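As given, the protein sequences belong to chains X and F, one line each in that order. Take 1 as the starting number for the first sequence in this note's numbering and just add one per residue. Take 139 as the starting number for the second sequence in this note's numbering and just add one per residue.
Rather than coming from a laboratory, the hints here were simulated on the basis of the structure. Small disclaimer: the values here were computed from a predicted structure and weren't measured. Any given hint might turn out to be false.
As the list claims (entries may be wrong) - Partial list, derived from the structure: chain F residues whose beta carbon lies under 10 Å from chain X: (1) 154; (2) 166; (3) 170; (4) 185; (5) 187; (6) 198; (7) 204; (8) 225; (9) 230; (10) 246.
Think of the CB as a built atom: it goes at the ideal place given N, C-alpha and C, for glycine as much as any other residue.
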Amino acid sequence: MIISKENIESCIPQRTPFIMIDNLLEVSADTFKSDFHILPDNIFLEKGVLREFALIENIAQCSSAGLSIIKMSSRKKNADGFIGGISKLKLYDLPKINDTIYTIVNLIAQLENMFLLKGENFLNGKKLLECELKLAGI
Amino acid sequence: MKLINDFFEVIETSAGEAGFITRIKLNPNHIIYSGHFPNHPVTPAVIQVQIVHELIEKHFSKKVKLISMPGCKFLKVLNPNETIQVVIHIHFARNEELLNIKARGEDGANTFFKLNAVYQFI
């Protein structure tokens with residue numbers, strides 16, 4: 001465990017109700033892992049199913065948290081982060097209320113303050129979604 | 139959570155054979171903006187993608203499922219206090235149950251996003 005749910009706000013700019021990550025579990029130079037339990041009040045739930053928009057946001061927030069830990073970014077406290085692009089996205093399945101998803105992000109490239117990352121969400125070992133994200137201003 | 143009539147409302151719409159244009163108005167007081175970000179509202183990228191999804195479902199009066207998104211670019215920060223109305227252009231090519239979409243959002247002066255995605259009618 002790197003950062004627990006209680007302290008996750010210290011490494012991401014998002015706040016309730018837009019926090020889509022719980023615990024940052026592992027961080028290495030180019031790989032970040034996190035989990036996220038889907039509570040009944042999640043704003044991306046529709047008829048008990050968590051929409052794909054939350055999965056993309058979860059990958060972005062896992063990326064943002066991991067980058068803040070390895071301190072590759074020059075992100076200052078309270079600085080915002082932005083998704084500059086989403087690509088190569090494939091959607092396989094969606095999780096449901098009370099599921100806990102697991103997320104793996106790989107840092108592919110960095111150019112100054114722009115980062116290219118690949119993220120995947122899993123539920124019980126089964127892939128839900130994968131995509132590449134460009135993050136800026138982190 | 140549905141965004142239509144809550145996060146945004148449709149002001150006007152016009153349709154052609156292979157596309158439609160929708161002018162929407164954002165709701166700067168929506169709770170999403172309180173978390174993204176405090177005292178600095180920015181329309182989340184994933185919410186812009188969800189707006190396109192809901193406009194497609196409204197146009198066809200049918201549910202669609204996202205299959206893949208080859209690419210989506212977010213070119214400019216969309217702050218609802220600076221830009222309250224956005225014009226969403228959606229072009230589509232339908233192949234039986236699959237729908238190839240090219241969409242963009244702009245306000246006359248700026249383009250905020252460009253999106254390519256494949257949906258399936260469900």
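Structure-based check of all given hints:
1. 154: violated, 27 Å
2. 166: violated, 15 Å
3. 170: holds, 6 Å
4. 185: This interface hint holds because 7 Å falls under the 10 Å limit.
5. 187: This hint holds: residue 187 of chain F lies near chain X, its Cβ roughly 6 Å from the closest one there, short of 10 Å.
6. 198: This interface hint is violated because 18 Å lies over the 10 Å limit.
7. 204: holds, 5 Å
8. 225: violated, 21 Å
9. 230: violated, 18 Å
10. 246: violated, 22 Å
Comparing the model with each earlier hint shows violations of hints 1, 2, 6, 8, 9, 10; every other hint is respected.
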